[in-house]
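K.L.:
Fit chain B to the known structure of chain A by using the hints.
Now for the letters of each chain:
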Amino acid sequence: MSIQHFRYVLDLCRAGGGAGLGQFPVSVDLDPVAEWGRFAALRQWVDPRLASEAEIRIGPVWHAKSGAPYADGLRVTAQAEGAPSVSVDIPASYFRPNALRIADSLVAEKKLEAGEQFTYAVLAFPASGAENAKAGNPLDIEELPVPVNLAPGSIDEEVERSIAFGDLTPGLVPIFVPQQVIEEVMALAERAAELEVGAVLIGKLHRDGRSNEVFLKVTAQIPARHTLSESTKVSFTAETWAAAQAAVNLRRSKEEVLGWAHNHPARYWCNKECAPEAKQRCPLAKPFFSIADCDFHRVAFCKPHCIALLLTNNYTGMKLTMYGWDRAIITQRGFHIIKADAARLLPAVETASLILVDHHETSCHP
Amino acid sequence: MIQPLFVSITASDLTGQKRVRARRVPMASTMGDLVQDLLPRLQLPSQDSGGRALTYHARVDRLGRHAHSSEVVGDVLVPNDQITLHPNVDAGGGR
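Protein chains in written order, with our numbering: chain A, 10 to 375; chain B, 6 to 100.
Do not rely on the hints blindly, as some may be mistaken.
[Said to hold, decoys possible] Partial selection, computed: residues in chain A whose CB lies under 8 angstroms from chain B: (1) P34; (2) D40; (3) D149; (4) E199; (5) E203; (6) G207; (7) K242; (8) F245; (9) S262; (10) S299; (11) A301.
No lab work stands behind these hints: they were computed from the structure. Every residue, glycine too, gets a C-beta built ideally from N, C-alpha and C.
The following block holds chain A by itself, in its conformation from the complex (with noise of 0.2 angstroms):
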């Protein structure tokens, strides 16, 4: 659990030292930050146990020359007793997003131009006690640690029969998907044609033997049932992810859910008329991550380790693009795929980019 111990505020500017257009709370959601402190503190302590009871401080890191109330990002520290503090900073886009809300808010109130430039900086201001009291809660409610399941492994071995597919970001957790859920989540997108469709990403968490590090490796993908699909939506429902615990249940194998993964049908939301040379230009084309994906993986998959597969049928193939948390934030990010057939095509890397209220971004978090 976070504790707000500071709140915050967004000091808005037009572009280029203009004038001031105000200063703005913003309710920051922290919870990916503590997620990711817990999880920093998992992969260097490597004790599970040990990390679900940490105790975690969420505060700003002052800004270097204008200093407080000036924030330069937010710092996340876990404690506890016997193991050394684990920090980690989060930058300051990570307030990128309140800061595009309150633009779009202000374009309405023809307060700024649309498409205007602005800058916005963030204060931070200690929180008053009845500011922590309102977060409290009327039931007596106890947070039971859940210490994360680390099953043996070799990130040696598994990097030897795969190959990476996409940018790997140094420092993340390497991640490994079978060829053959590629494949399968593949094929749910091509059968669905027009529609979009869902799956459930299941597997462990794994401790490599040698370096101690973390690695997540999928072992199946579930397909979602019980959805709702349209051309540009797909919801999935309570009775969606009950079936899918009900299958991991089934398997006995000790796997837990560790992400998703769906489908944009891009080629069948272009104009038909739409001449060969314009499709192929098409920005729908492109890969992106939604506002309602970025929604979607923060409500679902908030944990740190948790991943997204996004297949995006435009005409020019099937793209596959993964994204996953970097710093409490969204991101896409490279993966190793467990090649079992070399003579089976992948689909090509594509870069993507993920929309932040109607603004393409390569980062973020709803």
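P.N.:
Then chain B, alone, in the frame of chain A:
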């Protein structure tokens, strides 16, 4: 026979990675009220980024079904029940 006024249960998110024990849950409250109280402690957002309310359903493991939000806790839960919160959530290229 005296009916208890409260019940203690445990609740988890869909991944099972976040879990809480809720003591003194009023038997007379609704499952919808209980879910709303549990969301912040399970670090689950009650709204999406656009401010739209998200819907969660409590699945009662013992019963093998989701409870309706208007059902009364005392009619559904018994001491030490385990519930799992499952969201109705949309993904896709439309937004």
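K.L.:
Now look at each hint and say whether the structure bears it out.
P.N.:
Quick rundown of the hints versus the structure:
The closest approach between the C-beta of A:P34 and any C-beta of chain B is roughly 15 angstroms, which is over the 8 angstroms cut-off, so the hint fails. Interface restraint check for A:D40: the shortest CB-CB distance to chain B comes to about 4 angstroms, inside 8 angstroms, so the restraint holds. Interface restraint check for A:D149: the shortest CB-CB distance to chain B comes to about 4 angstroms, inside 8 angstroms, so the restraint holds. The closest approach between the C-beta of A:E199 and any C-beta of chain B is roughly 17 angstroms, which is over the 8 angstroms cut-off, so the hint fails.
Interface hint status for A:E203: violated, as the beta-carbon distance to the closest one in chain B is roughly 12 angstroms, over 8 angstroms. A least Cβ separation of about 7 angstroms between A:G207 and chain B falls short of the 8 angstroms threshold, and the interface hint therefore holds. Contact between A:K242 and chain B, as hinted, is supported at the beta carbon level, the nearest pair being about 4 angstroms apart and thus within 8 angstroms. Because the smallest distance between the Cβ of A:F245 and any Cβ of chain B comes to about 6 angstroms, under 8 angstroms, the interface hint for this residue holds.
The interface hint given for A:S262 is broken, as the beta carbon of that residue sits about 15 angstroms from the closest beta carbon of chain B, more than 8 angstroms. With a least beta-carbon distance of about 5 angstroms to chain B, the hint placing A:S299 at the interface is held under the 8 angstroms criterion. The interface hint given for A:A301 is met, as the beta carbon of that residue sits about 4 angstroms from the closest beta carbon of chain B, less than 8 angstroms.
The earlier numbered hints that this structure contradicts are 1, 4, 5, 9.
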